[in-house]
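Colleague: Take a look at the letters that make up each chain.
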Amino acid sequence: MTDEIRFEHISMEFPGVLANDDISLSIRNGEVFALVGENGAGKSTLMNILYGINTPTAGNLYVRGEKVTDFSPKAAIDRGIGMVHQHFMLVPSFTVAQNIVLGREPKNAGVLFDNKKAEKLTRELVKEYGLEVDPSAEVRDISVGLQQRVEILKTLYRGADILILDEPTAVLTPQETDELFEVIRRIVREKEMTVIIITHKLYEVMAISDRVGVMRQGKLVGVENTCDVDEKKLASMMVGRPVLFDHLEKTGTPGDVAIEVDDLYVADNRGLPAVRGVSLSVRKGEVLGIAAIEGNGQSELLEAITGMRKINRGHVTVCGTDATGKTPGEIRALGLSHVPEDRLSTGVDKVASVSDNLLVGKQKEKRFNLFGFHQRRSTVDRYAEELYEKFDIRGAGIHTEVGSMSGGNMQKVVVAREFSFDTPVLVISQPTRGVDIGAMEFFHTRIIEQRNAGAAILLSSADLDEVFRLSDRIITLYEGKITGEFKADEITKEEIGLYMTGTGEGAKA
Amino acid sequence: MKKRFDYGYLIALVISLSVALLIGAGIIAITGRSPLRAYGALIDGVFSSWRHIGDTLEYAMVLCLCGLACDVGSRAGIFNVGGEGQLLLGALVASRIGTLMDGVTPWLAIPCAILGAVAVGGFYAFIPGILKVKLKVNEVITTIMMNSIAVFLCVYFAKGPWKNSVNAEGIIVPEAYRFTTLIRSSNLSTAIIISAVLTFLVWYILQKTTKGYEMRLTGDNPRFARFAGIKADRLVIAAMVVSGMMCGLVGMFRVYGAERIFKTTAVSNEYYFEGLMVAMIAQYQPLPTIIISLIFAILKIGAMGMQSVGVPIQIYWILQTVVIFCMAGEKGIRAAIRKAREKRAAERDVLARREGGTANE
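Taken in order, these protein sequences are the chains called A and B. Residue numbering for the first sequence follows this note's numbering, starting at 1 and increasing by one per position. Residue numbering for the second sequence follows this note's numbering, starting at 1001 and increasing by one per position.
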């Protein structure tokens, strides 16, 4: 095997940030190379240099022995480099074939778009690489897994033989992930392509890659043969200290029912039915996890329970009191706290300080008010300082604007505030989305602490591992209906995956 | 909140004012007059006599109260463009109450006039407020339309049924009820004392109280406020009503203090819109609103002085427009300053790392 790509002392500097610091790395022809690291470690920056989006401030890049001098995506594509971004760049109303040829369309008589030829070319590609997909289907009608396949086909159509995949499995079910890995193995084996995969799911690194590079704080801290390392070793390389991941001790026995949902019907933003007849209950001292692919009603369900969305039919009971149709404030008063799915739009006031954000919900408490109306700033700041320490929030202090903080720290602000209410009920949505491994560990420990202290927790997460790690019981949602309920230790991820796609045994989808 | 004083804003304001004065000077020079003499006349126009100082203060008071009224709404996330209508209706009702109660002791009549003005201003703001909250009707559109309704209502009543006599030009406020003039033959009256108290109160409520804090969160992110259990809808309506009440009160001050007679165009010549400009330049912050009101009042009264050397009053509008234009770029100016500073810091950082060998973590 020869060096396909060589980074030589590459540094990339943005104002105030050294995103890549003196990185030297060779990637071999025909291998699957995994690049792992926490958020902000510089993985994407490095790949953006390879794809021509960034021009490095120092160092050289060689592709197939040739020094790269012109950094632009167009030049990179000409060099045979293809990149599939985390968020797909497809036109939903176009067919698969139209999306694939977009930018290099076959033409009739030199002017008119030749749809027949586009579909023919697509079919040829599909056959050649074995990536099954219907060329005439509209992209909006196909599953996320297939959309990703279209993205890969698009790069192949443009002649890529080096493929960069940025967090490719973030939106996939376990089955789809397996299929993707199958595809990767095949194109590497049969077409001798080189695949670079950016990820932070370590078991995937173990499953698919030949070699792995670990990045931390802009530096490449190690390159290893995958067979020589294990997940624990990789995690500690990423974080820079040992990560104790299987240390969540669940204690106590479930108590009374604290959340009761009865035959709930909720609509989504377009007014279409999103939750269709869901009933569930959560007891004190247990975590009920919701496993579902995005867009199957889990967001609307949690919003309805917490009062953020209108309930069309059915009932929600929180701590024994009917909460149906109440405002979020009234439901909070019943003893519920809520870590919302989208922290930027719902969980914080971006332009307010950390201190102001931590206070929300407690602002009327006596200790923060003099004469019942004057806000005691010094008491507020002292209180904020306390939470800041306790939840290990890192930033420029309690007067920082929350919007300027990293995703993980912003989430810590939200979690610190919501957990500080010490309510018997917690509704938690996507607790670690966009959060790095170190912080993830922290959130998981906190959630289990609350559970062991007797809180009833309803959890929804796109990260199936997280659902498994934290939950006592798991329900699967598909198209707004519950398709299964399981004890977390009595089912595997693969089985759950079937229920999440409505094909599980006895599913009534 | 311990926030360092915002020098960036002050610098941008000084730059804007300087640019405005320079452009003004250029235009004055083009029309063949001496900019120095013109600006001299501007200063003279304000400070040469007590009367003009009084007029300037009164005008600053009007701008300041209108600007603060706008601040109150904006803080909770509702943009009151209808202050002009609220002001006019407040003035109309207050002057009508004055004529109706003629003969009653001022200790009763004046509070009644104030209450009437405040009530009608608040009510007139309540309508767009509740429409926004309940039906999501854009308040900018409703308030602008309601301004027109208010103007025509005022013209009708002042020239029609509520006119004191056939020969009167409008609704005359009885002599006994007028605010005491503080500087002889100027517009400045004791209303400025109430205004000062009110200004302090608004600043205090917005900056120092728990309600002000809740308003700020609601204005910044209404979804978050609702999520956190703040009664956001109610706050938005309340802020709008208070804004309208303040505008109504300004109308009452205009007729009972400066004008003494209700004639639509004299009571307010789009003064609320100037106050709104002030609030925008002040980025809806109370303290800058006060300062900028004073600056604009000086420019306006001074511009009248400039007429004595042949410079038309329209120069005031030019100056004001340029300041607004520059302040609109304030964020850009600030970002440019910050970027340059960060770049220097980054360069230093990299140098230090290279010299220091391995970076410490």
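Take these hints with a grain of salt, some might be off.
What the hints assert, rightly or not - Within a straight-line C-alpha distance of at most 30 Å, the following computed DSS-like cross-link-like pairs (lysine-lysine) qualify:
hint, chain 1, residue 1, chain 2, residue 2
1, B, Lys-1211, A, Lys-390
2, A, Lys-191, A, Lys-74
3, B, Lys-1208, A, Lys-366
Simulated from the structure, these hints should not be mistaken for laboratory data. Bear in mind that the values here come from a model prediction, so they are computed numbers and not experimental data.
Colleague: Are the hints correct? Go through all of them and say.
Modeller: Right, here's what the structure says about each hint:
no. : hint                     : verdict
1   : Lys-1211/B <-> Lys-390/A : holds (28 Å)
2   : Lys-191/A <-> Lys-74/A   : holds (23 Å)
3   : Lys-1208/B <-> Lys-366/A : holds (16 Å)
In terms of the numbered hints stated before, the structure departs from none.
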